[in-house]
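Participant: Residues per chain, in single letters:
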Amino acid sequence: MKADYVKYMAERFGIHKEVFRNYTFRESGEKVYIMSPDIADKDVSGLRIRGTGIVFGRFFKKEDKIKPTTNMLQIFGKFATKNIVELTEEEKSQYLRGFDIEREMDAENGYVIVKHEQDVLGCGLYVSGSLKNQIPKAKRLPLEKTGHLEKTGN
Amino acid sequence: MAMMIPNSFRERYVPILGAKNREFLRFCELPLKKTIRINTLKVENPLEYAKSLKERGWILEKIPWCDYAYNVEGIEPGKTEDYFYGKIYIQEAASILPSLALNPKETDFVMDMCAAPGSKTTHLAQLMKNRGCIVANDTSYQRIKALMFNLELTGSLNVVVTEMDATRLNIEDRFDRILIDAPCSCEGTIRKNWKALSRWHPKVCRFMGSRQKALLKVGARALKPGGTIIYSTCTLAPEENEAVVDYGINKIGLSVEKVDIKGLKTSECVTEWEKEKYDEEVKKCARIWPQDNDTEGFFVAKLKKP
Chain A
1 MKADYVKYMA ERFGIHKEVF RNYTFRESGE KVYIMSPDIA DKDVSGLRIR GTGIVFGRFF
61 KKEDKIKPTT NMLQIFGKFA TKNIVELTEE EKSQYLRGFD IEREMDAENG YVIVKHEQDV
121 LGCGLYVSGS LKNQIPKAKR LPLEKTGHLE KTGN
Chain B
1001 MAMMIPNSFR ERYVPILGAK NREFLRFCEL PLKKTIRINT LKVENPLEYA KSLKERGWIL
1061 EKIPWCDYAY NVEGIEPGKT EDYFYGKIYI QEAASILPSL ALNPKETDFV MDMCAAPGSK
1121 TTHLAQLMKN RGCIVANDTS YQRIKALMFN LELTGSLNVV VTEMDATRLN IEDRFDRILI
1181 DAPCSCEGTI RKNWKALSRW HPKVCRFMGS RQKALLKVGA RALKPGGTII YSTCTLAPEE
1241 NEAVVDYGIN KIGLSVEKVD IKGLKTSECV TEWEKEKYDE EVKKCARIWP QDNDTEGFFV
1301 AKLKKP
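Protein chains in written order, with this note's numbering: chain A, 1 to 154; chain B, 1001 to 1306.
Worth flagging that the hints you see were computed from the coordinates, not collected in a lab.
Treat the hints with caution; some may be incorrect.
[Claimed, not checked] Calculated pairs, DSBU-like style, for lysine-lysine (alpha carbon to alpha carbon, straight line, at most 35 Å):
1. A/67 / B/1129
2. B/1033 / A/137
3. A/137 / A/17
4. B/1129 / A/65
5. B/1265 / B/1079
[To be verified] Derived coverage of chain A by chain B (criterion: at least 3 residues anywhere in the stretch with Cβ under 8 Å from a Cβ of chain B; other residues may be distant):
6. 44-56
7. 66-79
8. 94-103
We put the CB at the ideal spot given by N, CA and C, even for glycine.
Produce the entire structure from the sequences given, and follow the hints as far as they go.
Facilitator: Here you go:
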């Protein structure tokens, strides 16, 4: 299982398997969690556990498909060497607010890492000429442009 | 806004504050500054990063007791890209204290008994550099969802989330350090939420106090001998602060250590309140009035298990 996810990250994004060497993976339903290794040897008996680490992605058995999460890619996406799409300033602003980006990009169809300069925005789904937004709704920025407050002129 | 402070509350702390009560009430009515904590799990050099924020027009004022926390003006930090990336976390300046006081080592096994929505948990993960392990507990799934959102946002990878009534925790001698940021009457949060005192009553403080003692008791049991508990609240009520620490000393057998945080102004703790006397040792705790550092009201105690 861990080997499958590490292999996916290597094949899809060119992230070297060494990057994940010290992490532990755990499956729960279709969700796959990734966590620090120190958790594994701790005594958690008698605790009602609801989650460990963060969600790495979702594994859809029927389709044999892995969907990486935005939060995970924000941590590990910086090690990627391929299937990265670089957005312009204007596109970044659109993408963080939940919009799709329509243009040809240098990526294979499927899940991609969306970046702007050094920052990883998160996950995207590229399908021939269109970047489908994969940022979870609860995480998107509000529609108005920036967090700067209007001057009230007092 | 002054109308929202009940009259009984306006007079409540005269026996402690005397003439300073007026200043206390004045600060209660002042809006609270917005504070950000820079998340070093995602930002390598917080100083340089703060500089870059300033270059982008952010007005920042460093929090004296934390090298990576700043008051922010002129911006809603929760609507910025920096927040989206998890580089900053919005957290009241006083609420940065409990995790600092707990001072976990990277290898520690830590429990955060009342964790949601995760301000202190994510701060602990940052202090532990995502090593060791934190058990972050809360009672309701609704609150736990917010906690999980924040763990994901900040990239906190060393956390086990549990859903339990912490007063029923049945664990012995297991954790190196425990944070009990206890549910309380929230008197100290009046500046953030002017409705905080809408249901305030001294009876609430006494009720919360008994819950908090129960929490401290199970927490002390779950702690390894020689381990450390930080007990904190965002209330000023002695029933929920010094009285709980007194109980920890005399009924549970914990000892108190001085809460010593550089750059923080603290006030004398209360040793006598409504005919009750508390152990002189409670003076080692940190009682923080809103007027002391221009923050929320807060209380932090550091306790050791023999």
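Participant: Are any of the numbered hints broken by this structure? If so, which, sorted upward?
Facilitator: Hint 8 is the one this structure does not satisfy, whereas the remaining hints hold.
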